[in-house]
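K.L.:
Spelled out from the first residue to the last, the chains are:
Number of protein chains: 2
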Amino acid sequence: MYRTHNCGELRAQNIGEKVTVAGWVQTTRNKGNIIWIDLRDRYGLIQIVGETGVVTDQVLEELKGLGREYVVQIEGEVIERYDKNPKMITGDIEIKATAVNLLNASLVPPFEIEDDVNVGEELKMKYRYLDLRRKPVQDKLKLRHRVSLETRKYLDSVDFMEVETPYLIKSTPEGARDFVVPSRMNPGQFYALPQSPQTFKQLLMVSGYDRYYQIVKCFRDEDLRADRQPEFTQIDCEMAFVDQEDILNTFEGLIKHLFKTCRNHEFEGDFPRMTYAEAMEKYGSDKPDIRFEMEFVNLNAVAKGKGFGVFDNAELVVAINAKGCGEYSRKQLDALVDWVKRPQIGATGLIYSKCNEDGSFKSSVDKFFDQEALAQWASVCKAEAGDLILVLCGDTDKVRSQMNELRLHMGTEMGLRDPNVFAPLWILDFPLLEWDEESGRFHAMHHPFTSPKKEDFDLIDTEPDKVRANAYDLAMNGVELGGGSIRIHNKQLQARMFELLGFSDEEAKAQFGFLMNAFEYGAPPHGGLAFGFDRLVATMGGSDSIRDYIAFPKNNSGRDVMIDSPAPLAKDQMDELFLTTINPKE
Amino acid sequence: MYRTHNCGELRAQNIGEKVTVAGWVQTTRNKGNIIWIDLRDRYGLIQIVGETGVVTDQVLEELKGLGREYVVQIEGEVIERYDKNPKMITGDIEIKATAVNLLNASLVPPFEIEDDVNVGEELKMKYRYLDLRRKPVQDKLKLRHRVSLETRKYLDSVDFMEVETPYLIKSTPEGARDFVVPSRMNPGQFYALPQSPQTFKQLLMVSGYDRYYQIVKCFRDEDLRADRQPEFTQIDCEMAFVDQEDILNTFEGLIKHLFKTCRNHEFEGDFPRMTYAEAMEKYGSDKPDIRFEMEFVNLNAVAKGKGFGVFDNAELVVAINAKGCGEYSRKQLDALVDWVKRPQIGATGLIYSKCNEDGSFKSSVDKFFDQEALAQWASVCKAEAGDLILVLCGDTDKVRSQMNELRLHMGTEMGLRDPNVFAPLWILDFPLLEWDEESGRFHAMHHPFTSPKKEDFDLIDTEPDKVRANAYDLAMNGVELGGGSIRIHNKQLQARMFELLGFSDEEAKAQFGFLMNAFEYGAPPHGGLAFGFDRLVATMGGSDSIRDYIAFPKNNSGRDVMIDSPAPLAKDQMDELFLTTINPKE
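Those sequence lines, one after another, are chains E and Z. Be aware that the first sequence starts at 74, since it is given in our numbering, and climbs by one per residue. Be aware that the second sequence starts at 74, since it is given in our numbering, and climbs by one per residue.
Misleading hints may appear alongside valid ones.
Chain copies aren't distinguished; within one or between two, either way the pair holds.
[Said to hold, decoys possible] Mimicking PhoX-like on lysine-lysine, the simulated pairs with C-alpha atoms at most 20 Å apart in a straight line are:
| no. | residue 1 | residue 2 |
| --- | --- | --- |
| 1 | K564 | K199 |
| 2 | K539 | K197 |
| 3 | K226 | K333 |
| 4 | K215 | K226 |
| 5 | K414 | K526 |
| 6 | K582 | K199 |
| 7 | K355 | K455 |
| 8 | K104 | K377 |
| 9 | K226 | K440 |
| 10 | K208 | K582 |
| 11 | K104 | K169 |
| 12 | K471 | K377 |
| 13 | K404 | K414 |
| 14 | K414 | K471 |
| 15 | K414 | K208 |
| 16 | K355 | K137 |
Treat the hints as calculated values from the structure; they're not laboratory data.
Based on the provided sequences and hints, a complete structural model is requested.
P.N.:
Encoded structure:
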């Protein structure tokens, strides 16, 4: 062992001890006859001191020779520090060096290993091994480690078994695009990497494993949006002999356990619940951020039929009340209008009404709405003097989605989205199906194994789009942490579902035959849930971005710029796989 | 919830309680006016009873309608059992059914869900979801779950952090063959699936993570030998600021913890250690089974130069003493001769000498060796009356390997290989390099990042094949559980190593440039170890075969016969990837 102590564990009670530490040189302060060095490892930072007359000249020279990020082993004696540093956990002491052993030198790093470092993402990613030295990044990965371990401890304590499912599976054209793996031993054939262990965990329920979980990598070959990764991690769970209530309670327990053990945060009472329909109506989102209110208000009754064509032609006129924003300047309001008109939001305009302190209103549609009409708006919006009413209109789905974005934007502007406040919310009763305009058929909103609600069975044949599913999501702070469903465990119902989704018998059999066969041999009622692990940890860490919580993330083109991957294969590798690539330009 | 209790938790103290259980029908015994059903779930087996006049006729009829593997929910009252079954944990009680709720019927399964089932492997694998219902298989996967959780708890307790490394990485022609993944977003380019996270864990040491572990899937596209899987699981570990001794102690601690917590087995004292050279000399194997002795005895001094050409021309004449086998019949001896002549072993013959009870010897080479000469053999072999000396000869490496097989075979025949006895052994000082006849160059015996022993540095330039490495394996019961090394952390030494291995500068840079660059920025001394997790759990379970410890294994052609994978891709998938396959027959 190169050390008796790490750089974070020495304290005043160690004064007088002979110790050996090892780590990286964080900083040096050389005053000529005295030199201080901060030595860093994963556990902390400790000050080394060398002074003329106190240490040998050789030691002093060796200390002076150390540059930033040099790796060094220091022997010495723990002494009391003259100017104590209460910000350092080892700040009461320092080590008087008696021997210096240089373990490895370092070039000058391309950026400094500091908490805040102002360099481009590309450079940080190329030198990710240096970026990973920074304390904020290490703290994020420590949190990730802690959350994964506590997840396992909790699930084990309630009888879940971790079972590893295979990574080399079979491609299913349904859903997102698969990454595939050519098989050398079966020329012309391919494995697929799993988008999730869905079918395997259902088979494990058929096999009587009762409670399964796995923290597992999943893969989706999608065009990467910001903060999407081609490989991502799930906490994947399934339970048998349960209904929806059992699942919600079990995983609410897990989330509470994780926040308590890893964030020292206790939730009061049960997580609130809301139906999908209500969430869409009130927040225009199936993952509303309920750290703040600002619920949607339907203005159809008070805003339509007043001769303002834009409203009259709209399916929905919807408002939010930005409390206390009545003083917004012309410039601020224009900026909001520009913001909603950006192509990412896509609104054609934004209408406002300020609630002045004198009880009057000032709106952008004064021509069409007199003070009385605007007072009506204020009344239904519960707006008071000093508030700002913001109104969008259009087709219901689109305008809700736009208003959701505006609401979140206002929440951020108004400082209502504290990353250290956590607001969980179960969303229930998702629709079973959604209509896909492009393919002209229904898609499963969750996935094809999700069961419809019993009370909606009659609608399957008449109004399939009205059928609600036993499907649920856990949202927190405007983010979807996870979701799941009670599955179909009946072969006939599963076959009917495939039919609804436009699968032919042959297609269903080719892709999911083994699962449907398994259902013939005593499948228990079952259901489950999967959490996006990267997203969960990022949310717990108070961050919007998952990338920092992944040790070696890929960029938006799916490249790892550090190892320079993907890359062309050697010709003999291609030959062994009986593969050729076509030049995409041809 | 479909149950108040699982099928394994009811006891005499529950008598009189109204309960609900759910599970699979294991067996039914129908005596007309009374019917018993054993209901099964993961937790156990419980007896349900229905009797005319005691339960309603409807319940009785419903019970009679239940077939094997039907899934059913039973309400009833816990009653004392008339004929208690001490073999069942719930054997003191039974449930008097008051309501039967059929949850799912089952076809007659293709084999019975019993502990022992005499059907072919192919059928079991096709219906793996039914095979997985059998208790011995469930017990194996439960052990696997337990071992993985205890591994994590232990490593966490000694400051290891689990860090997930990427699955979509870069292909390196060195070593075994990679599985590759075409990149749609980077046409003509490929990711590779990791054979191990080796370079990433070394980068994490450069990044200051100090102690890393991961239980992680790895992939090797090798021609499958029996009991090899294309995807397998490793406990992958790395530590900084350590020497070999620290690593051995840390992971000896892990193995002891796992056996104690998961097998209730305590090892006495430290694990024995042996150099690679000694292991090859004494056992002809770098993973000797030391549950029994039967060490090799070099007979060169007493067997050569006696006019027996076969011995005289051999580099090595080597014997083992099969204690107490002196009574082996002619037939048994012939069988042994045939056994060593099989192509898998490849010996040209086997010579024996029986130590008779009267002090005389009977050998297959009596013509060349008189009683005195044979007495010399017996003396060096420490053979006594009743023992059997078995002798092989030939080139040293080959004959050692053959004798290793024979020794293990005799150990098995003689009942010396009890799967519930565990004999760990550290093997140290592996050679750094091995000569590859085919390519005419050195290969790294462990991997190219392994450091040579300091005391052998001088040999690098003169006799590279004599250089020993800081490399070690943990063997147990004739199996390699894991291995590792202290790594090179110096860029120059790493470059020299690549040179020894026949890499050009360009090749080394193209494949491992990022690692060598990382070594320029303050790489600490580091080393690590990886355990084959499948193999570890199988050994702990007392089994030779890893396949049963994997929930969904592949067959020897790399196929999953249950899901029928790999399979051809749809043409549009191929097109999106800019790929075509070549017919291998062309």
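K.L.:
Could you work out which earlier hints the structure fails to respect and list their numbers in ascending sequence?
P.N.:
2, 5, 8, 9, 10, 15 and 16
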